[in-house]
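Asks: Chain by chain, the residues run as shown.
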Amino acid sequence: MSQASRNIRNIGISAHIDSGKTTLTERILFYTKRIHAIHDVKGKDGVGATMDSMDLEKERGITIASAATYCNWDDHVINIIDTPGHVDFTIEVERSLRVLDGAVLVLCSVGGVQSQSITVDQQMKRYQVPCIAFVNKCDRNGANPLKVISQLRTKLGHNAVAMQIPIGLESEFQGVVDLVTMEAIYFDGDNGEMVRRETVPESLLAMAREKREELIDAATMFSDELTEAVLEGGDVSCELITDAIRKGAVARKLTPVFIGSAYKNKGVQPLLDAVTSYLPCPLEVVNEAIDTEDTTRRVVLSGNPEDQLISLAFKLEDGPYGQLTYVRVYQGAIGRGDTIINTRTGKKVKVGRVVRMHADQMEDIDAVAAGSIGALFGIDCASGDTFVAPGVNLTMLSMFVPEPVISLALIPKDNKAQISMSKALNRFTKEDPTFRTHVDAETNETIIEGMGELHLEIYVERMRREYAAEVTTGNPRVAYRETITRRAEFNYTHKKQTGGAGQFGRVAGFLEPYAEGDFLFDNKITGGSIPTNYIPACEKGFQQSLEKGPKMGFPVTGIKVCINDGAFHAVDSSEIAFIAAAKGAFREAYAKAAPVIHEPIMKVVIETPTEYQGSVMGLLNQRRGIIVGAQDEGAMSVVESQVPLAEMVGFSTILRSATQGKAQFTMEFAAYRQVPASVAEKILEEIALRKKTAA
Amino acid sequence: MLLKEAISPVRRLRRPGQVIYLSDRNIAMMIKELSERNPLRHLGLDMNILKENGAFGAVMAPAGVGKTALLVQIALQAMMKKFSVFHVSLQDPVHKVTLWYDEILQDLTKTYPVDNVQELREEILLHRFIMTFRVDDFSVPKLAERLNDLAVQNIFLPQILIIDGLHFNSKIQPFLQEMKALAEKQNFFVWFALHIHRNEQTNQAGIPLSIEGLQHHFQVILKIEEKGDYMSLKAIKGEDRDKAIDTELRLDPTTMLITDRG
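Going down the list, the sequences are from chains A and B. Residue numbers 0 to 694, in numbering that gives the first Met the number 0, belong to the letters of the first sequence in order. Residue numbers 0 to 261, in numbering that gives the first Met the number 0, belong to the letters of the second sequence in order.
In short, the hints are calculated from the structure, not lab data. Just so you know, not all the hints are guaranteed correct.
[Said to hold, decoys possible] No more than 25 angstroms apart at the CA atoms, straight line, and that leaves these computed lysine-lysine pairs for PhoX-like:
(1) A:Lys-346 <-> A:Lys-415
(2) A:Lys-146 <-> B:Lys-95
(3) B:Lys-81 <-> A:Lys-146
(4) A:Lys-690 <-> A:Lys-412
(5) A:Lys-690 <-> A:Lys-661
(6) A:Lys-347 <-> A:Lys-429
(7) A:Lys-252 <-> B:Lys-95
(8) A:Lys-559 <-> A:Lys-547
(9) A:Lys-602 <-> A:Lys-550
(10) B:Lys-141 <-> A:Lys-661
(11) A:Lys-494 <-> A:Lys-523
(12) A:Lys-547 <-> A:Lys-494
(13) A:Lys-124 <-> B:Lys-141
(14) B:Lys-184 <-> B:Lys-109
(15) A:Lys-349 <-> A:Lys-412
(16) A:Lys-494 <-> A:Lys-602
(17) A:Lys-591 <-> A:Lys-550
(18) B:Lys-95 <-> A:Lys-602
[Stated by the list, open to error] Computed Cβ-Cβ distance ranges for the label pairs, DEER-style:
(19) B:His-196 <-> A:Glu-610: 48 to 58 angstroms
(20) A:Leu-519 <-> B:His-196: 37 to 47 angstroms
(21) B:Glu-102 <-> A:Glu-212: 30 to 40 angstroms
(22) A:Gln-673 <-> B:Asp-251: 30 to 40 angstroms
(23) A:Gly-633 <-> B:Gly-63: 48 to 58 angstroms
Small disclaimer: the values here were computed from a predicted structure and weren't measured. Every residue, glycine too, gets a C-beta built ideally from N, C-alpha and C.
Work out the full structure, taking the sequences as your base and the hints as a guide.
Replies: Structural data, given as structure tokens:
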């Protein structure tokens with residue numbers, strides 16, 4: 000195992016909106032001397048935090064794209080991916096987690112475990128990312144880090160243990176007591192850069208001892224040596240405790256919790272120590288690749304920089320000097336001048352420049368070795384592509400990409416705007432797989448699709464700013480779907496014998512609802528009533544019909560087509576004839592199969608002061624929402640509900656005015672569900688109107 | 000000719016319009032079937048008792064024996080009969096309570112297979128409202144305020160209230176009295192989870208001495224006991240006590256579902 004890989008940490012910082020993760024990253028960069036001044040998010044100096052490099056991010060105070068950066072701490076190289084907190088950008092969080100070896104889960108000491116923390120935690124579970132927790136904002140009124148630790152246990156099911164206890168809280172917050180070394184840690188200097196270690200204050204000694212015992216108790220589960228030492232009585236060495244906690248944390252069976260206040264410059268350096276001590280190095284994480292020739296075979300990657308190259312392009316950015324591709328190298332190394340192969344396209348690519356990124360600034364380096372994160376210049380690829388050395392037939396696991404649920408029509412102002420718009424769309428779709436675009440054949444409008452209103456809004460705004468593309472947008476449209484609710488039979492003959500070559504084909508069978516998937520084609524033809532070579536044409540005909548439902552024009556899903564009879568003509572039958580026959584058969588049966596519209600239902604979680612709970616529930620109820628439950632947590636309440644996406648347009652403004660801006664909400668896709676008849680009628684009217692205006 | 004006559008009735012049946020496909024069974028039928036198989040009726044607990052507004056029921060058991068699971072089963076059965084159930088939990092967050100419902104419904108539909116679990120879940124979801132409180136913050140006036148919020152906006156009107164996680168300590172008498180007044184005013188039935196200690200001394204009726212003084216509040220008391228490899232469920236107080244008292248139902252210790260008569 001090489002020392003270089005041992006000293007690398009690839010970490011992400013993920014959390015709920017406004018838990019202060021960008022502020023925390025800013026402090027980390029300052030203490031590791033990557034930056035020389037601290038700029039706050041929405042700070043008065045107007046500079047904005049270093050990691051929020053896009054103008055828009057600085058203006059809105061949110062992080063959109065996850066910028067990658069690195070820093071050095073105590074002989075270790077820490078690569079940090081700053082991840083966006085808003086759920087509309089979840090794909091960014093997912094992509095970052097895919098390439099990370101560990102994460103810091105930032106929690107607000109007042110808000111505790113909030114809805115978004117639960118989403119992020121589920122993502123971490125999916126990718127098996129070990130994490131440590133940081134309870135931030137201990138200087139705020141109502142801060143209660145111990146409550147947050149118990150929430151970590153009850154709400155997220157973590158085996159969370161306090162590694163520190165606070166010295167004072169709220170405005171009295173001075174520092175922390177390290178429960179491993181039993182020292183009080185204070186942070187002096189203008190920016191808290193001087194760490195002062197002292198004996199634990201008398202008043203906190205009893206509590207510190209008690210918490211230390213709890214910590215050791217939890218740690219003994221992971222080390223026999225520590226258990227022995229505890230049983231023998233006497234002093235337990237710090238190394239033994241640290242080793243045991245590390246084992247637990249790396250195995251995701253223990254979550255060490257640290258506390259502090261990034262904004263007040265307290266508790267950040269011990270957190271950096273913890274990142275190097277408790278989070279795994281790239282070699283401790285098992286990464287698997289799939290054999291491209293036998294997709295069921297998984298290959299464990301060695302992590303050795305001497306082996307053949309396997310790397311994953313996890314993020315693209317289009318900068319002023321061309322496309323920048325962020326890569327994580329799992330095995331081998333990518334050096335300047337190397338030839339690498341994109342497994343998706345099979346194309347050979349020569350690596351020009353290799354750089355290390357620090358938000359929007361970069362440094363040229365010679366190579367990125369196994370375990371590390373870097374960026375390549377001038378490589379044409381899509382996000383999620385695998386790059387390997389020639390001769391290697393492996394691909395990294397594909398990442399989970401959710402389907403878009405909302406769309407928006409874009410209308411460019413003039414020809415110039417049209418050109419800039421296409422350039423921008425081309426780039427955005429490459430960067431973000433959840434953002435898609437197409438041209439509606441009927442209305443000739445450019446349609447963009449994404450994961451939520453804000454997601455699309457941000458892209459439209461970026462189009463205006465970065466590409467000077469003046470566009471106006473239509474009303475957001477929800478991605479409805481159609482399906483059938485009843486079995487219906489068809490027996491359709493396609494016959495055309497007027498001039499030229501004739502066309503003949505008959506297909507018979509039935510359509511029925513299919514719950515297990517989108518589409519199933521079942522061929523039950525016996526006796527050759529349709530020759531085998533025309534069966535694929537029949538399937539194609541049905542499949543083409545699914546793209547746009549005959550009644551409402553939405554994609555049709557959840558349908559099984561079974562053909563069991565038919566007829567052909569020795570001269571006049573052809574593939575085209577059977578495609579046409581299948582389409583006709585589908586039209587015939589579909590109308591009889593009681594088609595219905597399905598709409599996306601979102602899981603909406605609102606956190607609100609308790610006094611507004613009633614009005615918040617009223618808002619949800621007005622929007623055809625089903626309230627799953629309400630959680631009373633003292634001053635705050637959390638309302639969980641399922642609301643149709645169509646009703647959520649503009650909800651943030653309405654919620655803000657109803658609660659004086661004190662409530663916030665998160666929204667994510669939950670399921671597709673049937674639209675009530677009255678609403679379906681309205682949708683049909685709208686479509687008719689749209690077609691009329693387009694014509 | 001003879002042959003043709005023999006076949007024709009079958010042919011007539013096969014005409015497309017006359018075939019009933021099993022997948023077409025509607026949701027109402029499914030729910031009816033599932034609730035008719037409800038083993039709780041053996042305890043003299045059909046749904047009629049739930050129409051007795053302002054009455055109290057309790058599920059009594061030591062920790063970890065399946066109080067919540069049984070209450071959720073009672074709630075599910077009631078929801079299938081279109082009763083609105085308001086579930087108050089003082090110990091678990093909303094998503095955990097939801098999980099209880101999802102898992103028990105899933106187990107229930109495994110035991111008594113139905114065609115479309117998802118549809119069933121959506122249908123009964125409309126009849127459920129979960130609200131959680133911190134146990135030290137919970138009080139009848141607070142609950143009344145929340146219920147009022149929901150009633151005024153016509154969001155949810157409970158017919159059955161479930162309270163899980165309440166401590167039956169010294170302050171419980173006034174709480175139960177206040178609760179009774181609220182239940183009578185707003186016309187709902189209240190089920191409580193009642194925590195008892197293992198090996199606690201009981202009176203003749205099987206009620207632990209520590210809560211003997213409270214039993215007059217309850218119209219129904221169900222008791223779960225560990226009996227080696229199964230759990231026994233008995234009604235020690237009920238509407239039709241004579242019928243119920245001899246009946247013992249068993250709970251499957253893995254799913255906590257009522258298996259059937261013991």
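Asks: Are the hints correct? Go through all of them and say.
Replies: Quick rundown of the hints versus the structure:
Simply put, A:Lys-346 and A:Lys-415 have alpha-carbon atoms about 34 angstroms apart, too far for the 25 angstroms limit, and the pair is violated. For a cut-off of 25 angstroms, the pair hint linking A:Lys-146 to B:Lys-95 stands: about 18 angstroms separates their Cα positions. With a CA separation close to 39 angstroms, the supplied pair B:Lys-81 and A:Lys-146 exceeds the 25 angstroms bound. Restraint check for A:Lys-690 and A:Lys-412: the C-alpha separation of about 22 angstroms stays at or below 25 angstroms, so the hint holds.
In summary, the hint linking A:Lys-690 to A:Lys-661 is not supported, as the alpha carbons are separated by about 41 angstroms, beyond the 25 angstroms threshold. For the proposed pair A:Lys-347 and A:Lys-429, the alpha carbon gap of about 19 angstroms is at most 25 angstroms, so the pair holds. Taking the CA atoms of A:Lys-252 and B:Lys-95, the gap is about 21 angstroms. The hint holds against a cut of 25 angstroms. Under the criterion of a C-alpha separation no larger than 25 angstroms, the hint pairing A:Lys-559 with A:Lys-547 is consistent with the structure, at around 16 angstroms.
Distance restraint check for A:Lys-602 and A:Lys-550: the Cα-Cα separation of roughly 29 angstroms exceeds the 25 angstroms cut-off, and the hinted pair is therefore not satisfied. Of the supplied pair hints, the one linking B:Lys-141 and A:Lys-661 holds, its CA atoms being roughly 22 angstroms apart against a limit of 25 angstroms. Annotation: proposed proximity of A:Lys-494 to A:Lys-523 holds, straight-line Cα distance about 23 angstroms (limit 25 angstroms). Restraint check for A:Lys-547 and A:Lys-494: the C-alpha separation of about 24 angstroms stays at or below 25 angstroms, so the hint holds.
Taken as a hint, the A:Lys-124 and B:Lys-141 pair is broken in the structure, with Cα atoms around 37 angstroms apart against an allowance of 25 angstroms. Restraint check for B:Lys-184 and B:Lys-109: the C-alpha separation of about 39 angstroms exceeds 25 angstroms, so the hint is violated. Restraint check for A:Lys-349 and A:Lys-412: the C-alpha separation of about 40 angstroms exceeds 25 angstroms, so the hint is violated. About 50 angstroms separates the Cα atoms of A:Lys-494 and A:Lys-602, which puts this hinted pair outside 25 angstroms; it is violated.
Proximity of A:Lys-591 to A:Lys-550 is assessed by CA-CA distance (about 11 angstroms); at most 25 angstroms being required, the pair is judged to hold. For the proposed pair B:Lys-95 and A:Lys-602, the alpha carbon gap of about 16 angstroms is at most 25 angstroms, so the pair holds. Between B:His-196 and A:Glu-610 the beta carbon distance is about 39 angstroms. The supplied range of 48 to 58 angstroms is therefore violated. Between A:Leu-519 and B:His-196 the beta carbons are some 56 angstroms apart, a value that contradicts the proposed interval 37 to 47 angstroms.
The beta-carbon spacing between B:Glu-102 and A:Glu-212, approximately 36 angstroms, falls within the hinted interval of 30 to 40 angstroms. Taking the beta carbon of each, A:Gln-673 and B:Asp-251 are about 34 angstroms apart, inside 30 to 40 angstroms as hinted. Taking the beta carbon of each, A:Gly-633 and B:Gly-63 are about 28 angstroms apart, not inside 48 to 58 angstroms as hinted.
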